[in-house]
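K.L.:
Each chain is listed here by its residues.
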Amino acid sequence: MSNSILEGAAAAGPARSAAATTTAATTTVMSMQQALNRALDEVLAENPQAVIFGEDCGRLGGVFRITDGLQAKHGEQRVFDTPLAESGILGMSVGLAMAGFHPIPEVQFDGFAYPAINQIVCQIARMNYRSRGTMPMPITLRVPSFGGIRAPEHHGESLEALFAHVPGLKVVSPSNPHEAYHLLKYAATRPDPVIFMEPKSRYWQKGDVDLAHCDADGGDPTGAKVMREGRHLTLVAWGAMVARCLQVAELAAEDGIDIEVLDLRWLKPIDAEALAASVRKTRRAVVVHEAPLTSGLGAEVAQLITQSCFDTLKAPVERVTGFDVPYPSGDLEDEYIPNIDRILFGIQRVLEYKRG
Amino acid sequence: MDTLPVASGAGAEPLTPAQLRELYSLMVAVRHLDTSAIAWQRQGIIPGYAPELGQEAAQVGSGYAVDTTRDFVFPTYREMGVARTMGVDMVAYMSTHKATWHGGLYNPMESRLAPIQAVVAGSVLHAVGWAHGQTLAGTADGKLGVALTYFGDGASSQGDVHEALNFAAVMKAPVVFFVQNNGWAISVPTERQVAGGSVAARAAGYGMPALQIDGDDVVAVVEATRRAFAHARAGNGPVLIEAMTYRRGPHSTSDDPGRYRSLDEERDGAGADPLERFRQRLLADGIADEAFFAEALAAAKAEEEQIRTGIQALGSRPGTEMFDLVFQETTPALQAQAANWREESEHV
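Line order of the protein sequences matches chains F and X. Residues 1 to 356, numbered by this note's numbering, are exactly what the first sequence covers, in order. Residues 1 to 348, numbered by this note's numbering, are exactly what the second sequence covers, in order.
Calculated from the structure, these hints are not laboratory results. Just so you know, not all the hints are guaranteed correct.
EDC-like cross-link-like pairs, simulated, lysine to aspartate or glutamate; straight-line CA separation at most 20 Å [stated by the list, open to error]:
1. Lys225/F with Asp210/F
2. Lys172/X with Glu42/F
3. Lys185/F with Glu265/X
Which residues of chain F face chain X? A partial, calculated answer using Cβ under 8 Å [to be verified]:
4. Ile117
5. Gln119
6. Cys122
7. Ser131
8. Gly133
Built from N, CA and C at the ideal position, the CB exists for glycine as well.
Modelling step: build the complete structure from the supplied sequences, incorporating the hints.
P.N.:
Set out below in structure tokens:
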């Protein structure tokens with residue numbers, strides 16, 4: 001990156017340290033797969049109405065091993081395999097919820113949610129409304145999501161905008177093992193349907209997990225989270241893109257660009273206040289996502305920022321995203337997913353923006 | 001067709017004369033409310049209705065087998081006769097046709113009747129999930145609550161019906177699949193809808209017992225449904241019943257059957273009126289007389305008047321419910337939208 005970018009950054013200075021993290025006796029190192037597995041184990045132990053099911057979730061422990069060992073520990077009544085039919089899995093979840101259970105179904109890969117869209121959109125999302133609040137749908141739908149693992153077609157999709165557009169659904173995506181543990185435990189105790197989008201490319205990355213608290217304030221993990229504080233520009237991301245944005249921030253810091261990274265976490269409801277608070281400070285924003293550009297969630301984020309920060313924004317909110325193309329084969333995957341260079345170019349466009 | 005083991009439901013008590021008369025009274029009440037609802041629509045009392053004229057025996061007979069203390073029923077949008085038989089508040093039920101609230105205003109948990117919903121075959125899988133929940137929960141007496149799910153010959157084309165039948169059979173879930181084959185999916189007749197000619201015949205492929213019955217014979221419907229319930233309740237898995245009947249009216253008040261079937265075809269296809277058939281049977285068996293029939297009709301008319309009065313008295317639901325009933329835990333965005341609506345709406 002050229003130093004000329006500095007010209008566009010007001011009062012450039014050394015990067016601030018990352019948000020304070022507490023290192024307590026409750027902190028342990030885990031992969032996201034282990035963190036999710038532990039969260040589900042605890043949910044099953046704490047809530048006798050919780051049941052986990054889907055394709056290969058039982059004996060195999062799921063194709064990503066997220067439910068590994070849970071059937072052996074909690075029994076075939078609590079963790080079970082279903083026939084291979086996503087609409088059946090989700091439709092069954094509705095009936096189980098009506099019967100007082102807390103279903104935690106798994107759709108094996110993002111693209112396999114499409115065959116279940118009718119049950120998700122027309123049934124799960126609407127039953128609380130249709131029944132006037134008498135039939136809540138406490139369904140936590142786990143969906144291994146996004147790209148980055150050189151997988152076959154329909155194994156690398158980003159469905160957040162589609163789900164977020166549906167009234168009655170909530171959508172969340174963790175970015176690291178710590179977030180995965182806490183967000184899943186939180187989502188799986190909610191009385192409303194939550195689509196839990198797991199960044200499958202991050203399953204095997206390890207990180208510190210503080211089992212006691214998710215956030216520094218000790219409250220529920222309901223909003224967005226500043227993963228790195230900065231003064232010159234806010235990078236907004238979720239899922240696997242958060243780690244990439246943190247990398248970008250480190251690189252930019254070498255050029256004196258102090259970047260704040262905001263992990264949106266909840267893609268519905270979006271934490272508009274956190275967006276406003278961050279961008280009011282930095283006055284510049286770039287939103288990064290893997291999903292295609294047009295009508296992607298980046299548009300929603302940009303609008304929310306524009307609405308709250310229009311008077312102080314130094315430049316239009318930039319989007320660095322996938323393209324309006326079907327998710328490509330593994331060979332072209334790296335051309336599609338926003339990479340470090342593309343994110344840096346996005347940052348450059350914002351920093352170099354001149355009014356008029 | 002009857003592939004249900006004879007042992008299932010063996011020893012069930014035959015219907016008593018009082019029960020037979022009750023069935024007739026229910027059928028008359030349903031017939032009168034159904035035909036009245038068409039009139040309500042023509043008079044502008046309700047914007048639309050999906051009549052079930054001709055399906056009274058299938059609906060009253062199957063609904064009669066439900067034990068509302070432990071079973072649960074999953075309807076489509078055409079099960080008014082089932083709802084009435086189960087004792088659902090009919091003003092609250094018919095409010096869906098008044099356009100008051102999509103699912104109806106009745107409490108589905110207390111009524112044991114899932115909300116009315118319009119996706120054909122949408123609720124069939126819900127029945128399987130609910131029923132599997134009964135298996136997971138277990139019961140002290142070893143007798144399971146049974147899910148009764150309704151769908152038609154048209155819905156049998158939906159993939160969800162296949163998934164539901166397969167899931168239920170694999171999981172041995174206590175479900176009774178009750179197919180009302182009424183001959184028509186709006187304008188498309190069964191022969192252009194159901195390959196092989198019978199939904200019941202498909203059950204064999206799932207290893208599931210099935211009954212194809214005369215859906216216009218209310219006694220046959222009660223007996224078949226009771227047998228199916230006994231089979232499922234005992235933990236033997238699901239049963240499919242295909243009740244052969246005929247949709248005598250239009251698909252809905254917006255439909256024009258004249259565009260796809262002639263009156264002659266309608267007469268031939270419909271056969272004898274199920275209500276009249278039952279009346280003749282009760283007369284022949286000396287179980288009811290003209291005075292009883294007159295009394296039943298008078299009661300049906302009084303009931304319809306009461307329901308109509310209730311429907312006409314129903315105001316719109318407060319607009320705040322649009323926002324308040326989306327989630328159990330609302331969101332800031334939704335609260336903000338509700339606040340904007342309140343501010344900008346002249347009605348509040």
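K.L.:
Each hint: holds or not?
P.N.:
A quick look at each hint next to the structure:
{"no.": "1", "hint": "Lys225/F with Asp210/F", "verdict": "holds, 15 Å"}
{"no.": "2", "hint": "Lys172/X with Glu42/F", "verdict": "violated, 29 Å"}
{"no.": "3", "hint": "Lys185/F with Glu265/X", "verdict": "violated, 61 Å"}
{"no.": "4", "hint": "Ile117", "verdict": "violated, 12 Å"}
{"no.": "5", "hint": "Gln119", "verdict": "holds, 7 Å"}
{"no.": "6", "hint": "Cys122", "verdict": "holds, 5 Å"}
{"no.": "7", "hint": "Ser131", "verdict": "holds, 5 Å"}
{"no.": "8", "hint": "Gly133", "verdict": "holds, 5 Å"}
The structure shown violates the earlier hints numbered 2, 3 and 4.
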